[in-house]
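Novice: Chain by chain, the residues:
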Amino acid sequence: MAETRRGDGGWLHNYLLRHAQTFFYSLGQLSRSPMSTLMTTAVIAIALAMPTGLHVLLKNLQGVLSGWDSAAQISLFLERDTRETAALGLAERLRQHPAIIGVEYISAEQAMAEFRRLSGFGDALDALEENPLPPVLVVQPALGEQDPAALQALVDELRAEATVDLAQLDMEWVERLYALVEIGKRGVMILATLLAIAVMLVVGNTIRLMILNRRDEIVIIKLIGGTDAFIRRPFLYTGFWYGILGGLLAFMMVESSLLVLSGPVNSLAGLYNSSFRLGGMDLATTGTLLGGGLLLGLLGSWLAVGRHLRAIEPS
Amino acid sequence: MIRFSHVSKRYPGGFEALSDVSFHLAAGEMAFLTGHSGAGKSTLLKLIALIERPSGGQVLVNGQNLNKLGRWRIPYHRRNIGVIFQDHRLLFDRTVYDNVALPLIIAGHGAQEVGRRVRAALDKVGLLGKEKQYPITLSGGEQQRVGIARAVVNKPPLLLADEPTGNLDPELSREIMRIFEDFNRVGVSVLIASHDHNLIRSMGHRVIALEHGRLAETAGGLTHG
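Heads up: the sequence lines are chains A and B, in that order. Under this note's numbering, the residue at position 62 of the first sequence is numbered 151, and the numbers go up by one with no gaps. Under this note's numbering, the residue at position 207 of the second sequence is numbered 215, and the numbers go up by one with no gaps.
In case anyone wonders, no lab produced these hints; they're calculated from the structure. A few of these clues could be false.
[What the hints assert, rightly or not] Per label pair, the in silico range of CB-to-CB distance:
1. B:F23 to A:F112: 43 to 51 Å
2. B:L68 to A:F112: 34 to 42 Å
3. B:R124 to A:S404: 31 to 39 Å
4. A:S404 to B:G174: 15 to 23 Å
5. A:L106 to B:R61: 31 to 39 Å
6. B:R18 to A:T377: 15 to 23 Å
7. B:Q120 to A:R275: 43 to 51 Å
8. B:R18 to A:L127: 45 to 53 Å
9. A:Y114 to B:D177: 34 to 42 Å
10. A:W100 to B:G134: 28 to 36 Å
11. B:G134 to A:R399: 23 to 31 Å
[To be verified] Calculated Cβ distances over 10 Å to all of chain A for the following chain B residues:
12. G64
13. P83
14. H85
15. K138
16. E150
17. G174
18. L180
19. L207
Cβ coordinates follow ideal geometry from the N, Cα and C atoms, glycine included.
The shape of chain A in the complex, shown without the other chains:
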């Protein structure tokens, strides 16, 4: 048939045109039943929004923690018999250290007074004959010393000072919080995996119902020479649309949730004298959300189409 063979250009043009038509045709099909489309999309969006929202919150928490990282302090407990002049001398010397931005001297008496005030053991402490507390130098490492190894090196260096009895890095709680965040990240990963499977199943089931509803149409198309690819195409595009619409709706859900949270979070940060502001979704997260939604939609419809299309044959 000479008239159908118009070179590869024409064929490719028709092929792409057909894809574009199916692309919009499947969107049109979805818009014809807006309620059921919206409900399916909402289910997908919620499943996508949950791990995404948690991920964004964890990222924010990490941001807060990295701010506290630099606030790590090193407490130098001096020998009990260190005289005040020696302690102040050491403090002065340490202030010159390039990795240290500040040193605060707390004398044994001050430490005692603070302990008395905070601990509530006032009477018991009165029974002690002498002050058991050593003088302390609180060392503030330079900002940027966020590398734990560098910090540890500084601690070791300070520990070597003659008058220093004990050098302690007050970062354990930050590390614990980090560990908690790590657990949170794993949790989000597990949740994301489970919900990704859920999205695939939702899309797959929706496509399965569509296939069953259009059984007669599929039979007719097969009878007049439609290939599996031709029949598959609109269903795959439908899955694509569900995925991308679900992703977009999830994006809006997360962003509006963050907007709702940002007021209280900002006032909380204000109470801590922090300029922290709740961050939104960055480009990578948005891309992953939309791309992931799209991919899951396609995958779900592919599974459904592969399973159910072959079973429908003309008889």
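Chain A is already provided as a structure; the job is to place chain B on it using the hints.
Specialist: Only chain B this time, still in chain A's reference frame:
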């Protein structure tokens, strides 16, 4: 065009719909396939369109041995056969135009080509003014003509019709048959399954008769092995 050699078809469960059927339909020939219901007419047509596979023997269509045709080539085989069904098998959520255009869209023709050919096919069956209507608004005879337009729009060399006049009154039936004769006159091979003996007799074409799955007699044409 069609050559059956010792073809049999046994369905799961043991029912033998066709046994040892051999015949030849020449290119450009028009023939009727008759027999009471259950004689195997539909099964025979299904074997040609590869809706069923034979249990034994060989079916050749247009020189192609269907036994050697893989699953993925079935759609391309069916594009060379226009099939007309008793129940029309139209898509009721699409217009007459879209129904007739479907084979062309499946085959990947351009929009202009589709428009030209669809109108030509609708013109041939006398439905040119109804392309924007939905099949449900048409009469039974008109729906059948939409089915015929869809079957011929791709210009297949072979037309198969399974009881195309089954639900139509004699007047409309004759009209439908005349359309088939028109296509046959321009070189299309036509095989029509029907049990309307009066109509068949009046047409005067070759008759291939089936009886309990076996070839009974042929008249008005030659039988080739």
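Novice: All hints, please: hold or fail.
Specialist: Consistency of the hints with the structure:
1. At about 46 Å, the beta-carbon gap between F23 of chain B and F112 of chain A stays in the expected band of 43 to 51 Å.
2. Between L68 of chain B and F112 of chain A the Cβ separation comes to about 41 Å, which falls inside the hinted range of 34 to 42 Å.
3. The supplied range of 31 to 39 Å is met by R124 of chain B and S404 of chain A, whose beta-carbon atoms lie about 34 Å from each other.
4. Between S404 of chain A and G174 of chain B the beta carbons are some 18 Å apart, a value that agrees with the proposed interval 15 to 23 Å.
5. Checking the proposed 31 to 39 Å range against L106 of chain A and R61 of chain B shows it holds: the Cβ atoms sit about 35 Å from each other.
6. Checked against the given bound of 15 to 23 Å, the beta carbons of R18 of chain B and T377 of chain A, roughly 56 Å apart, lie outside it.
7. In this structure the supplied range 43 to 51 Å is violated for Q120 of chain B paired with R275 of chain A, their Cβ-Cβ distance being about 59 Å.
8. The hinted window of 45 to 53 Å between R18 of chain B and L127 of chain A holds, with their beta carbons roughly 51 Å apart.
9. Range check, Y114 of chain A to D177 of chain B: about 38 Å between beta-carbon atoms, so the 34 to 42 Å window is met.
10. Distance hint check: the CB atoms of W100 of chain A and G134 of chain B are about 33 Å apart, consistent with the given range 28 to 36 Å.
11. For G134 of chain B and R399 of chain A, the hinted distance range of 23 to 31 Å is not satisfied, since their beta carbons lie about 39 Å from each other.
12. No beta-carbon of chain A is positioned within 10 Å of the beta-carbon of G64 of chain B; the least distance is around 20 Å.
13. Against the 10 Å criterion, P83 of chain B falls within the reach of chain A, whose nearest CB is about 4 Å from its own CB.
14. Chain A draws H85 of chain B into its interface by the beta-carbon criterion, the shortest separation being 8 Å against a cut-off of 10 Å.
15. Here K138 of chain B stays apart from chain A, with its beta-carbon at least about 20 Å from theirs, past the 10 Å limit.
16. Separation of E150 of chain B from chain A is adequate, the least Cβ-Cβ distance of about 18 Å exceeding the 10 Å criterion.
17. No Cβ of chain A approaches the Cβ of G174 of chain B within 10 Å, the least distance being about 18 Å, so the stated non-interface status holds.
18. At roughly 23 Å from the closest C-beta of chain A, the C-beta of L180 of chain B stays outside 10 Å, upholding its exclusion from the interface.
19. The claim that L207 of chain B lies off the interface holds: its Cβ sits roughly 25 Å from the closest Cβ of chain A, which is beyond the 10 Å cut-off.
Consistency note: the structure conflicts with the earlier hints numbered 6, 7, 11, 13 and 14.
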